[in-house]
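Chemist: Okay, here's what each chain looks like letter by letter:
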Amino acid sequence: ELKVEQNPLFLSMQEGKNYTIYCNYSTTSDRLYWYRQDPGKSLESLFVLLSNGAVKQEGRLMASLDTKARLSTLHITAAVHDLSATYFCAVDMFRGSGTYKYIFGTGTRLKVLA
Amino acid sequence: EAGVAQSPRYKIIEKRQSVAFWCNPISGHATLYWYQQILGQGPKLLIQFQNNGVVDDSQLPKDRFSAERLKGVDSTLKIQPAKLEDSAVYLCASIVERDGDEQFFGPGTRLTVL
Chain D
13 ELKVEQNPLF LSMQEGKNYT IYCNYSTTSD RLYWYRQDPG KSLESLFVLL SNGAVKQEGR
73 LMASLDTKAR LSTLHITAAV HDLSATYFCA VDMFRGSGTY KYIFGTGTRL KVLA
Chain Y
12 EAGVAQSPRY KIIEKRQSVA FWCNPISGHA TLYWYQQILG QGPKLLIQFQ NNGVVDDSQL
72 PKDRFSAERL KGVDSTLKIQ PAKLEDSAVY LCASIVERDG DEQFFGPGTR LTVL
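Each protein sequence line maps, in turn, to chains D and Y. Each residue of the first sequence is one higher than the last, beginning at 13 in my numbering. Each residue of the second sequence is one higher than the last, beginning at 12 in my numbering.
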């Protein structure tokens, strides 16, 4: 069964610092998704990575995908307080019936300290 | 474009009572998902519909949970009878079709079972 693990689970960092969140998954998949969830809110899509070597950037966040290593990273540059949230990665798994199932990671709870 | 709508936003019930949640996906989205998100965890798939057919309900506790998507548009998820461990946020998500599309999530229904 496909497993998706993130680390760290909790991250407390100072404003202005850089850090990376890792997402490892256990079986072959070419597509990986990053979501952000604020407390008490729903999930908001951040990035969709569709192929090996894909890199996407939005503001202070940059996501990359290495399908051979089954690893995605979410890099935070010069963190600001507004980035405080929980970040989830998700991987899809083809069922063979033309449909896909999304498996979510454990989540990384990020707190950026002023 | 209107997003995924869910209601109610909050519900508090006693154990052994029944409850129902409603979801209206984005217009034209054929695939609809119901997830359960327990505090501090990632979303867990309960059931997936494609149009009005069930694609995957392997993790739905069928002795107490039921879901339907009549006419392939909106959907309801019911719990009867509720248990304490059903306290969670129930998220509905939809995608238009299979082509690397990320899921669009509704605001969720926060259920508290006392």
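Simulated from the structure, these hints should not be mistaken for lab results. Here the structure is a predicted model, which means the values were calculated and not measured. We treat Cβ as the ideally placed atom computed from N, Cα and C, and that holds for glycine. Some hints here could point you the wrong way.
Computed cross-link-like contacts, EDC-like style, restricted to lysine to aspartate or glutamate with a CA-CA straight-line distance of at most 20 Å [as the list claims (entries may be wrong)]:
id	chain 1	residue 1	chain 2	residue 2
1	Y	K89	D	D50
2	D	K53	Y	E79
3	D	K113	Y	E79
4	D	K15	Y	D67
5	D	K113	Y	E96
6	D	K68	Y	E113
7	D	K15	Y	D68
8	Y	K55	D	D94
9	D	K123	D	E27
10	D	K113	Y	D67
11	Y	K94	D	E17
12	Y	K55	D	E13
13	D	K68	Y	D112
14	Y	K26	Y	E96
15	Y	K55	D	E27
16	D	K15	Y	D97
Taking beta-carbon pairs under 7 Å as the criterion, some of the chain Y residues facing chain D (in silico) [claimed, not checked]:
id	residue
17	G64
18	V66
19	E113
20	G119
Chemist: Holds or violated: is the Cβ of E113 of chain Y closer than 7 Å to a Cβ in chain D?
Modeler: With a closest approach of 4 Å, the E113 of chain Y hint holds.
Chemist: Need the status of pair K94 of chain Y, E17 of chain D: alpha-carbon distance at most 20 Å?
Modeler: Violated, because 28 Å separates the two Cα atoms, which is more than 20 Å.
Chemist: Has the given pair, K123 of chain D with E27 of chain D, been kept, meaning a C-alpha gap of at most 20 Å?
Modeler: 10 Å, holds
Chemist: Holds or violated: K113 of chain D and E79 of chain Y, Cα atoms, limit 20 Å.
Modeler: Between K113 of chain D and E79 of chain Y the Cα gap is close to 18 Å, so the pair holds against 20 Å.
Chemist: Are the Cα positions of K55 of chain Y and D94 of chain D separated by 20 Å at most?
Modeler: Violated, because 27 Å separates the two Cα atoms, which is more than 20 Å.
Chemist: Would the hint on G64 of chain Y be counted as holding, given a Cβ-Cβ threshold of 7 Å to chain D?
Modeler: 10 Å, violated
Chemist: Regarding the pair K53 of chain D and E79 of chain Y, is the alpha-carbon distance no greater than 20 Å?
Modeler: Status violated; Cα separation ~25 Å.
Chemist: Do the numbers back the hint for G119 of chain Y, that is, is its least Cβ distance to chain D under 7 Å?
Modeler: It holds, given that the least Cβ distance between G119 of chain Y and chain D is near 5 Å, below 7 Å.
Chemist: Just to be careful, I want the Cα atoms of K113 of chain D and D67 of chain Y compared with a cutoff of 20 Å; is the pair within it?
Modeler: 8 Å, holds
Chemist: Quick one, are K15 of chain D and D97 of chain Y close enough, alpha carbons at most 20 Å?
Modeler: 23 Å, violated
Chemist: Run the distance test for K55 of chain Y versus E13 of chain D: straight-line Cα separation, threshold 20 Å.
Modeler: With Cα atoms ~14 Å apart, K55 of chain Y and E13 of chain D stay inside 20 Å; holds.
Chemist: Straight-line Cα separation of K15 of chain D and D67 of chain Y no greater than 20 Å?
Modeler: 18 Å, holds
This entry does not satisfy hints 1, 2, 5, 8, 11, 15, 16 and 17, going by the numbered hints stated previously.
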